[in-house]
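Asks: Residue numbers (my numbering), protein chains in the order written: chain V, 326 to 542; chain X, 326 to 542.
Keep in mind that the hints were calculated from the coordinates and are not lab data.
The structure presented is a predicted model; accordingly, all values stated were derived computationally and were not measured.
Backbone N, C-alpha and C define an ideal beta-carbon position, used for all residues, glycine too.
Check the hints yourself; a few may be wrong.
As the list claims (entries may be wrong) - Using C-beta positions, here's what the derived DEER-type ranges look like:
hint, chain 1, residue 1, chain 2, residue 2, range
1, X, Gly355, V, Arg505, 43 to 51 Å
2, X, Thr404, V, Glu541, 44 to 52 Å
3, X, Asp502, V, Ala516, 54 to 62 Å
4, V, Asp437, X, Asp529, 32 to 40 Å
5, X, Glu382, V, Ala506, 49 to 57 Å
6, X, Thr404, V, Glu452, 48 to 56 Å
7, X, Glu526, V, Asp393, 42 to 50 Å
8, X, Pro513, V, Asp437, 40 to 48 Å
9, X, Thr481, V, Gly405, 28 to 36 Å
10, V, Asp393, X, Val523, 31 to 39 Å
11, X, Leu539, V, Leu539, 38 to 46 Å
12, X, Arg503, V, Arg426, 30 to 38 Å
13, X, Ala342, V, Asp339, 49 to 57 Å
14, X, Arg503, V, Ala345, 37 to 45 Å
Given next are the chains, with one letter for each unit.
There are 2 protein chains.
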Amino acid sequence: MYEIYETKERIIEDNDAVAARVRAKMKAAGVFFVNLMASPGAGKTTLLKRTIESLPELKIGVMEADVDSDVDAATLAETGAKVIQLHTGGLCHMDADMTLRGLERFGTEGLDLVFLENVGNLVCPAEFDVGADLNVMILSVPEGDDKPLKYPLMFTVSQAALISKMDVAPVFDFDLDRFRANIAPLNPDMAVIPLSSVTGEGFDAWLEYLKGRLSEA
Amino acid sequence: MYEIYETKERIIEDNDAVAARVRAKMKAAGVFFVNLMASPGAGKTTLLKRTIESLPELKIGVMEADVDSDVDAATLAETGAKVIQLHTGGLCHMDADMTLRGLERFGTEGLDLVFLENVGNLVCPAEFDVGADLNVMILSVPEGDDKPLKYPLMFTVSQAALISKMDVAPVFDFDLDRFRANIAPLNPDMAVIPLSSVTGEGFDAWLEYLKGRLSEA
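Pulled out of the complex, with its shape left as it was, chain V reads as follows:
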């Protein structure tokens, strides 16, 4: 089971100041907070499902942010993870204030790791620091290797790019070297992890990366 919570947007003066409060709150609680961003259909929910199932040693919570549905929360609740559905009331992103209120409503006691599945969109979510310890984006193979040229901010604010749906790479013209060349001027330190949530290819590298960041926190 999971709750549906209408976050809506409040006019706030300083998103970054609220993001800093989120970060301090989560640090004090000993919870690692990951903001997951991607286009619609890139595979955020499927990735989260397999990630949760692959890490039974961790207590994981998921805040699902959507415009106004709860399809993904229902899917993730099946894993047994603690899940809340946030509704943005039409907005295309979460900001720090909405995130803070979502976390307060959710309750993070006893959790090791919380994922925010942001609204499906490569533009607006990149513009708002939500106070996460780690920003991860997913780009699916069918979307194409030129996306850093078109959505540069997303590839600048994220520390890792997961290239999803690698199982269908043979039928698409996605060139990992060309993708890396496109992100190099934006974010030379970006981790690039090709994987498939269906076959599990590359998933160990993602889990190792995530656990590495968690252990450094």
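Please arrange chain X on chain V, whose structure you already have, making use of the hints.
Replies: Showing chain X alone in chain V's frame:
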């Protein structure tokens, strides 16, 4: 060659009133205006390229709206169509005022048909009437047949849904009947046209649909 024009957003009181001005202006000029919306990587530019090449009898113009790149304008300029690149300055959508100023800058004299390739996004572009005669959205097969549940407004304001990348349908679990069932409560009259801009499958149906709407205008 094509120009790059920074549209930016002005604070305007009534988007719908400006949209009505766009519609009146285009009607007076005898130009049919199509607003094309989709997620990043759904295949908007590839579809436009094949559409332009398939309709040599029509004089077609394209206004490419992007956050701040001009990758797609360069691709479309190769077709010989009249092309302008609009930059939204970080915004995730075009509104009616930005569209009106874009059209004035572009110049539609002598054109039969103008496409606006909206910013890649299933949320914000749906919220702003840009004054088009026809709103068309593309959903690519890899994005999944559940998207109407998650982005209902986009499937409500568009008159047609083009299901792109049908050539890769065999490797994805996309069910056209399930998709139609998902849009039925939102938009029972929506035209659903499965196609592939690579193989040309279904393209005749799309061209017939487009020419039909054009002849009614």
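Asks: Look at each hint and say if it fits the structure.
Replies: Here is how each hint holds up against the structure:
1. Between Gly355(X) and Arg505(V) the Cβ separation comes to about 48 Å, which falls inside the hinted range of 43 to 51 Å.
2. Taking 44 to 52 Å as the suggested C-beta distance range, the pair Thr404(X) and Glu541(V) conforms, at roughly 50 Å.
3. Hint check: Asp502(X) to Ala516(V), Cβ distance near 40 Å, so the stated range 54 to 62 Å is violated.
4. Under the hint 32 to 40 Å, the C-beta atoms of Asp437(V) and Asp529(X), about 55 Å apart, miss the expected range.
5. Taken as a hint, the range 49 to 57 Å is violated for the pair Glu382(X) and Ala506(V), whose Cβ atoms sit roughly 40 Å apart.
6. Look at Thr404(X) against Glu452(V): about 33 Å separates their beta carbons, and that is not inside 48 to 56 Å.
7. Between Glu526(X) and Asp393(V), the C-beta spacing of about 34 Å breaks the proposed range 42 to 50 Å.
8. Take Pro513(X) and Asp437(V): their Cβ atoms lie about 47 Å apart, and the range 40 to 48 Å holds.
9. Range check, Thr481(X) to Gly405(V): Cβ separation about 35 Å, and the 28 to 36 Å hint holds.
10. Distance hint for Asp393(V) and Val523(X): a CB-CB separation of about 34 Å, consistent with the stated range 31 to 39 Å.
11. Between Leu539(X) and Leu539(V) the CB atoms are about 56 Å apart, so this pair departs from the stated range of 38 to 46 Å.
12. The beta-carbon spacing between Arg503(X) and Arg426(V), approximately 35 Å, falls within the hinted interval of 30 to 38 Å.
13. For the pair Ala342(X) and Asp339(V), the supplied restraint of 49 to 57 Å is violated, since their beta-carbon distance comes to about 34 Å.
14. Taken as a hint, the range 37 to 45 Å holds for the pair Arg503(X) and Ala345(V), whose Cβ atoms sit roughly 44 Å apart.
Violated hints, in rising order: 3, 4, 5, 6, 7, 11, 13; the structure is consistent with all others.
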